[in-house]
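Given next are the chains, with one letter for each unit.
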Amino acid sequence: MLGLGCGSVAAITWLALRMDLIDREGHPLHLTLRAPLFWFWLLWEIVKANGQVIRVILDPKLPISPRRFRVPTSQKTDIGRVIYANSITLTPGTICLDVNETELDIHALTADGELGLQSGQMDQLVSRVEGH
Amino acid sequence: MMPSLLDGLSWLLLLSGCACLLISAIGLIRMPDLFTRMHAAGIGDTLGAILVLAGLMLQSGLSITLIKLVLILFFLLFTSPTACHALARAALAGGQKPLLAEPNADNSPAEQSPS
Amino acid sequence: MMFEVAAVALFPAMFLALARAIAGPTVYDRVLAVNTFGTFTVLMIAVLGFMTDQKDFIDIALAYALINFIGTIAVLKFFAVGDFGYQQESKK
Amino acid sequence: MSTLIDLILLTLMAITAIAALQLKDLFGAVMLTGIYSLLSALWFLILDAADVSFTEAAVGAGISTVLMLGTLALTRRDEKIPSHPRILPLFVVAITGAILVYGTLDMPAFADPEAPIHTHVAPHYIEKSGEEIGVPNIVTSVLASYRGYDTLGETTVIFTACIGVLLLLGIGRRREDDES
Amino acid sequence: MKQHSILRIVTKLLIPLILLFALYVQFHGDFGPGGGFQAGVIVAAGLVLYALVFGLDTASEVIKEWVLMVLVPLGVLIYAGVGVASLLLGGNFLDYNVLAHDPVHGQHLGILLVELGVGVTVAAALTTIFFAFAGRGRRNPTGQRIAQVADLAQEPPR
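Protein chains in written order, with our numbering: chain A, 19 to 150; chain B, 64 to 178; chain C, 166 to 257; chain D, 28 to 207; chain E, 686 to 843.
Hint data in this document are derived by calculation from the structure and do not stem from the laboratory. Careful: at least some of the hints might be erroneous.
[Said to hold, decoys possible] Stretch by stretch, here's where chain B covers chain A in the computed footprint (C-beta under 8 Å, at least three residues):
1) 61-69
2) 72-84
[To be verified] Here are some, though not all, of the chain B residues that point toward chain E, as calculated from beta-carbon distances under 8 Å:
3) Phe141
4) Thr145
5) His148
6) Ala149
[What the hints assert, rightly or not] Distance ranges between label pairs, derived from CB positions:
7) A/Leu55 to E/Gly766: 50 to 56 Å
8) D/Pro140 to C/Ala184: 40 to 46 Å
9) D/Met40 to B/Val133: 30 to 36 Å
10) B/Gly71 to A/Leu133: 36 to 42 Å
11) A/Pro78 to D/Ile144: 54 to 60 Å
12) B/Pro95 to A/Gly21: 53 to 59 Å
13) D/Met134 to B/Gly71: 43 to 49 Å
14) D/Thr187 to A/Arg88: 52 to 58 Å
15) A/Leu76 to C/Ala184: 17 to 23 Å
The C-beta atom is built at its ideal place from N, Cα and C for all residues, glycine as well.
One chain only, chain A, in its complex shape:
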């Protein structure tokens, strides 16, 4: 049984190498050390943002003011930008529509969401996780 397990892992590794999947992008092990703290921070952000959006949805007047804007990114690599973009999408109330080298295209549900992102706190934290 154990042999089969090891065999499976070896086979998948071979296939993944063949698919050209294993590199710093696919398996960002160099980020692991700094990531957990960021995850906890992100979890708290998610809870806060959820609270806001839930209040908006339950409000009978449905007070949304959807807006679309761009925020600059300070990350150097693709993977940093991807972490940033996914963190933005993961916090309800803001969705990342597009990514390019210097900016993210964001859609936000309320003005609060926009203000939160424009302050750039998440950007800095992601850059710190990226560690460049």
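Let chain A serve as the given structure and place chains B, C, D and E on it in line with the hints.
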């Protein structure tokens, strides 16, 4: 003492998770256009999933089930924003225009205060 | 008991997501609804596994969590960049 | 409580199926089929058929949507509306359905221990599987060992289906007209 | 063009996990739900995801068509071969008891091999069918069906 505390906590987590999922579904119905609906769906994908799975984790104890639940949560948190982003991109490419509060001002400060 | 309540409490949300999938004016709304429904199903399967005390069910939830994504990506591919076979013209 | 879950789930399935039939946009119908597959996976799970549910989950979530979209890509996206009402098909379907329902009246009640299906080989499988096969999952031992012939047949069916699709779509011709 | 970096990176992370999970399902079928068929479908799903994100051309470079063509019948052959082997060892067709000294052990071995056969056939067959569907329109540039599986990642293979 301990087991009842754990039970109570996981009750709380499960029920609030279900409430989150319900709210997200309500939002899915109430919101006026695709992009705002995505925000509503995001609640269920993040907080709802986290709370429900956390509630189950408290019940599973230290076992392989716990690891599997953590993996489920991990995968959900990875795939759902990606799917959401891909959907938004595809919708934009397909000619869907997001409904905006002030259609012409792209980067103006907020004035229509929410809730 | 707890899990039964949770399972029943999940159903209204599923109803609403289904309503969105049926009503959804555009294709993308339907995709979004199906995706959300998929998340609900993953959680539902996990809850059911605990409800009937068959922890094997978690495997199925895990499979859904991994694979549901593929369906969404396929659909979007179909409509976004390349379409695997159809130009975006009939949906306004 | 469990009955309540059954009822709600079946209602959801019925709604989904009817809506999928009603939709003229075939793409929407494909999406609803996806939802239907999710629901039927849940339903199998409630019936304690974990293996079937797993199959439904694996096939329904990834592959079937992709293949249906592939088919849609080769045909058209909206349903062709029949030019005249079809009485005869409706009649045939109604009669067949009525006969089938009549047939179920003679069937033993669900989970009746005296039912024929539970009195011949099933007890043997359930009692002896542990010592004869030694595999904890009885479904696997029935599928792969007691009913090995069936599964060989199924594998051959998949093989044949693959050959059939390849013949229909003409993948072998790729080498000749490769310059597209 | 690095437009779809999000999809590319997440896919890179996920595909090995999907394939690994498929093998887990394959070999864990004796204990929990799962088995050859499910595992084959999950493998196929992983390969389809790869083809969708990185493009059909890259995918068919990694997974050569002839390999798939060999694998589809190979699975059936493994299955039937186990039957023939048990026949040669003095048992009935597909009677695994004779495969090892201990009948139960023989059953284990037989089921493992048979499930492997099913898995190989299913995975290869579904992947082949997907490739056939996806490649079909590309070779028929008539009318509307021009644009085909252009890769979402929009990046030349490195």
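Verification of the hints:
Check on the segment 61-69 of chain A: 4 of its residues sit with their Cβ under 8 Å from a Cβ of chain B, so the three-residue criterion for coverage holds. Proximity of the segment 72-84 of chain A to chain B, defined as three or more residues with a beta carbon under 8 Å from a beta carbon of that chain, is established by the 11 residues found. The restraint placing B/Phe141 at the interface with chain E holds, with a minimum CB-CB distance near 6 Å, inside the 8 Å limit. Contact between B/Thr145 and chain E, as hinted, is supported at the beta carbon level, the nearest pair being about 5 Å apart and thus within 8 Å.
Annotation: interface hint on B/His148 holds; nearest CB of chain E at approximately 5 Å, less than 8 Å. Interface hint status for B/Ala149: upheld, as the beta-carbon distance to the closest one in chain E is roughly 6 Å, under 8 Å. For A/Leu55 paired with E/Gly766, a C-beta distance near 55 Å keeps the hint of 50 to 56 Å intact. The beta-carbon spacing between D/Pro140 and C/Ala184, approximately 41 Å, falls within the hinted interval of 40 to 46 Å.
For the pair D/Met40 and B/Val133, the supplied restraint of 30 to 36 Å holds, since their beta-carbon distance comes to about 31 Å. A hinted range of 36 to 42 Å for the beta carbons of B/Gly71 and A/Leu133 is consistent with their spacing of about 37 Å. Distance hint check for A/Pro78 and D/Ile144: the Cβ-Cβ separation is about 56 Å, which falls inside the suggested range of 54 to 60 Å. For the pair B/Pro95 and A/Gly21, the supplied restraint of 53 to 59 Å holds, since their beta-carbon distance comes to about 58 Å.
The supplied range of 43 to 49 Å is met by D/Met134 and B/Gly71, whose beta-carbon atoms lie about 46 Å from each other. Distance hint for D/Thr187 and A/Arg88: a CB-CB separation of about 55 Å, consistent with the stated range 52 to 58 Å. Between A/Leu76 and C/Ala184 the C-beta distance comes to about 18 Å, which sits within the given range of 17 to 23 Å.
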